[in-house]
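Undergrad: What follows is the residue order along each chain.
2 protein chains.
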Amino acid sequence: MSVELRTMVLGHFLVISLALNAGLLYRNYCGGEHKSQNIFSLKNECKNSSSASTMAFLETKFQPSKPALSEVIDLDHGDPTMYERYWQLTGDRTTVVIPGWKFISYFSDVRSLCWFLEPEFANAVVRLHKLVGNAVTDGRYIVVGTGSTQLFQAVLYAVSPPNASEPISVVSAAPFYSSYPQITDFLRSGLYKWAGDAREFKRDAPYIELVTSPNNPDGLSRAAVVNRDQGVLVHDLAYYWPQYTPISSPPTDHDIMLFTVSKSTGHAGTRLGWALVKDRETARKMTEFIVLSTIGVSKESQLRAAKILHVVSDSHEQRGGFDENEAFFEHNYHLMTRRWKQLRAAVEKSKLFSLPEFPTGKCKFSGRTFASQPAFAWLKCEGETEDCEGFLRGHKVLTRSGKHFGESTRHVRISMLPRDEVFDQFTDRLASITSSSSAST
Amino acid sequence: MSVELRTMVLGHFLVISLALNAGLLYRNYCGGEHKSQNIFSLKNECKNSSSASTMAFLETKFQPSKPALSEVIDLDHGDPTMYERYWQLTGDRTTVVIPGWKFISYFSDVRSLCWFLEPEFANAVVRLHKLVGNAVTDGRYIVVGTGSTQLFQAVLYAVSPPNASEPISVVSAAPFYSSYPQITDFLRSGLYKWAGDAREFKRDAPYIELVTSPNNPDGLSRAAVVNRDQGVLVHDLAYYWPQYTPISSPPTDHDIMLFTVSKSTGHAGTRLGWALVKDRETARKMTEFIVLSTIGVSKESQLRAAKILHVVSDSHEQRGGFDENEAFFEHNYHLMTRRWKQLRAAVEKSKLFSLPEFPTGKCKFSGRTFASQPAFAWLKCEGETEDCEGFLRGHKVLTRSGKHFGESTRHVRISMLPRDEVFDQFTDRLASITSSSSAST
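First to last, the protein sequences are chains A and B. Under full-length UniProt numbering, the first residue of the first sequence is numbered 1, with each subsequent residue one higher. Under full-length UniProt numbering, the first residue of the second sequence is numbered 1, with each subsequent residue one higher.
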């Protein structure tokens, strides 16, 4: 394996570790607030002495404050807090109300192959795909998961030969999603094993190829690269939505397609994803995995995601009092356009970095022709800087090094989805970096 | 391995399979309703053509109907629908309201070791344990999981030696929870391996012993049985609540204790459990497992569980307008007492079965002295019947055979937590079985 394994856990500890080592201030995400707090005042780790009621907790409002110049800007994770503001604008239209007697049973619909799938969530998924036209749903099984991370593991379990003498190889073309290697290998499964960059895979043996399109980290559209017999393709389409990339025609029609609310609507805390699956036996085994892993999926999350996906559709059909410029994908398309323009201007000003260029394409959803404006920026340090992540860390910008994606350390992945004031602070800081010598920390 | 592996998946298909084979009616759990439906009219598997709005969905009320004499009574799973009625009684006091902009971020509290744990849920857990006195929380780490099933796997990952030459043995004294073997082995992990009945474990090697107390399936209080060096104990205390069993003094103080809302308050659909963990490194690795498995836990579920656990505490502190006989554990203690009395009367009448007897103990929570009244009945067929599960299936009562728990087929496990009308129907039917010859099906 050519990449150093790492996860959000490690990223999390990196932030804490940095703060502890340097006495820096860091951000507190708790309760939707965004404020500075001194690490040394912390008590009651993993506990909380507040006696605030749930309703008071709910009434807490998001109160942005501009990060101080000295503050660490964390763009390591793809935490999609950019979307908070849009959902505040929708007001009560996206509120869900859940009485205490709901969701006692394990079962959502005993008639369904995926019996823990809430029918209303399935309806909302089908409605949204039909509106956007990004994936075929007719004749597909829907399997719901606790985020697409769980669904990815469900697929590995479902398509691995159960009685093979050795684990099946799991590959993806570099740069690939940095968590794939560790998620595949952390339990040392006898069913499947990470085998690295798909372009280097030469064995004449069964394999699973992960195709992330648009790709995380670099935002490019992807197709399978191995293209041999005995291969199973898994398409992770988390970012195939019209705020990020043109939707082409006809709708995608792969055997196994994965989606998540984290990247489509921004509700990462809801931990909800779905798979569209052509083959009944694959869907059945994925369902079996999720039963063995977590006996189904939070029904509260499914109810809420159903509501949110329906409101996205409503906003484009001008139902529920939405006007045209409040439509979800329109609003967030324009936001992403502004952010990419702002980032490219900062890169231009600094002269120390470069960004990928994307081909333009016609989006059959919006009718607009545009170049992709991905959820991550795949930034390259030009000139003499070999360790781009370390260089930016010296400037108190936390990013994820290219080495975790099976690529060079000259690249870093940067989240494009923080809150407005963090993004502004980031581009200001990037534009001000004009010398390759390290900042003092 | 001495037991046949099986899971809720298989149980689910068994119901469908039975219905398909025999043309029986079966129950539809969808939307909280409980009604008969012909299996042959099913369409749109895994999809739903209803266009009902989320609010209409929420307004659906539980409308019980008495199962027909010909109907299959499914007591195979421990689906805790008994609790629905209590939560209906509490009305608006347990309702949660979630606006669309909540839970965008992955993070709940970046200061916490378990950074996806909602502080308000942690508060509610600590408050309830302090009220009931069933477990020590001071100085413990709280790790939240997608049900205790995920937490069980998180523990296996956390305490298995990462670089051992062979997987660590996982054992539990028979009869043990029927899902332990398959959950341990389904990914063929190189870290841990199911090794069967703890009483038969003779190897001088590291091991993990699962101690479920009160035990699933037989309801007895349990202590570790291997008691050798190199052992890690995991205490599953899902049923250690005062509606089921006397709470003894002092509060339990084991290294790793697992709990779940499914069995304490009945909210199985919420998929939420918690672990109380003494050792920081174990809690850190459990957190790491949950990040790799699902990148945290549904925040909607945590918010709702926080509300529900707080209302349970309120009901005993006579806050929020509860009077004494509406207190959660009191109400459900009396319900369990009635159900066990009713079951023992039916067994007495039939003369073909027997049930365990439980020692009495003083409950320091209620002050009452009583014998356990578990969430499952561990029923034994007396006389010539060797296959108790098959015998009861002949009478259209679905149960889980003792063989899945590492015990004889003379035993079956029966859920004591169905809705009232199902439980009444079950005891009526059991009392009417007076001959060991199979019913015609």
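Each hint should be verified, as a subset may be incorrect.
Label-pair distances were calculated between CB atoms; the ranges are [unchecked claim]: (1) Asp424(B) to Pro250(A): 44 to 50 Å; (2) Val97(A) to His334(B): 50 to 56 Å; (3) His334(A) to Glu324(B): 36 to 42 Å; (4) Asp229(B) to Asp279(A): 44 to 50 Å; (5) Ser165(B) to Ala431(A): 53 to 59 Å; (6) Gly394(A) to Ala223(B): 51 to 57 Å; (7) Arg344(A) to Gly91(B): 52 to 58 Å; (8) Val97(A) to Glu421(B): 24 to 30 Å.
Covered, in the sense of this in silico footprint (three residues per stretch, anywhere, with C-beta under 8 Å from a C-beta of chain A), are these stretches of chain B [unchecked claim]: (9) 94-108; (10) 214-225; (11) 266-273; (12) 346-360; (13) 420-429.
For the record, the hints were derived by calculation from the structure and aren't laboratory data. Quick caveat: nothing in here was measured; it's all calculated off a predicted structure. Ideal Cβ placement from N, Cα and C applies to all residues, glycine included.
Undergrad: Now tell me, hint by hint, if it's right for this structure.
TA: Hints versus structure:
1. A C-beta distance of roughly 55 Å is found between Asp424(B) and Pro250(A), which places it outside the suggested range of 44 to 50 Å.
2. The hint said 50 to 56 Å for the Cβ distance between Val97(A) and His334(B), and at roughly 30 Å that hint is violated.
3. For His334(A) paired with Glu324(B), a C-beta distance near 59 Å fails the hint of 36 to 42 Å.
4. Checked against the hint of 44 to 50 Å, the C-beta distance between Asp229(B) and Asp279(A) comes to roughly 49 Å, which is consistent with it.
5. Between Ser165(B) and Ala431(A) the beta carbons are some 54 Å apart, a value that agrees with the proposed interval 53 to 59 Å.
6. At about 56 Å, the beta-carbon gap between Gly394(A) and Ala223(B) stays in the expected band of 51 to 57 Å.
7. As the Cβ distance of Arg344(A) to Gly91(B) is approximately 56 Å, the hint placing it in 52 to 58 Å holds.
8. At roughly 28 Å, the beta-carbon separation of Val97(A) and Glu421(B) lies within the given 24 to 30 Å, and the hint holds.
9. Here the region 94-108 of chain B counts 15 residues with a CB under 8 Å from a CB of chain A, which clears the bar of 3, and the coverage holds.
10. Chain A is given as covering the region 214-225 of chain B, and this is violated because 0 residues of the stretch bring a CB closer than 8 Å to a CB of that chain, at least three being needed.
11. Only residues whose beta carbon comes within less than 8 Å of a beta carbon in chain A count, and the region 266-273 of chain B has 7; three or more means the coverage holds.
12. Counting residues of the region 346-360 of chain B whose CB falls under 8 Å from any CB of chain A gives 0; the rule of at least 3 is not met.
13. Figure legend: the region 420-429 of chain B, annotated as covered by chain A; annotation inconsistent (0 residues with Cβ-Cβ distances under 8 Å, at least 3 required).
Hint check: violations occur at hints 1, 2, 3, 10, 12, 13; the rest are consistent with the structure.
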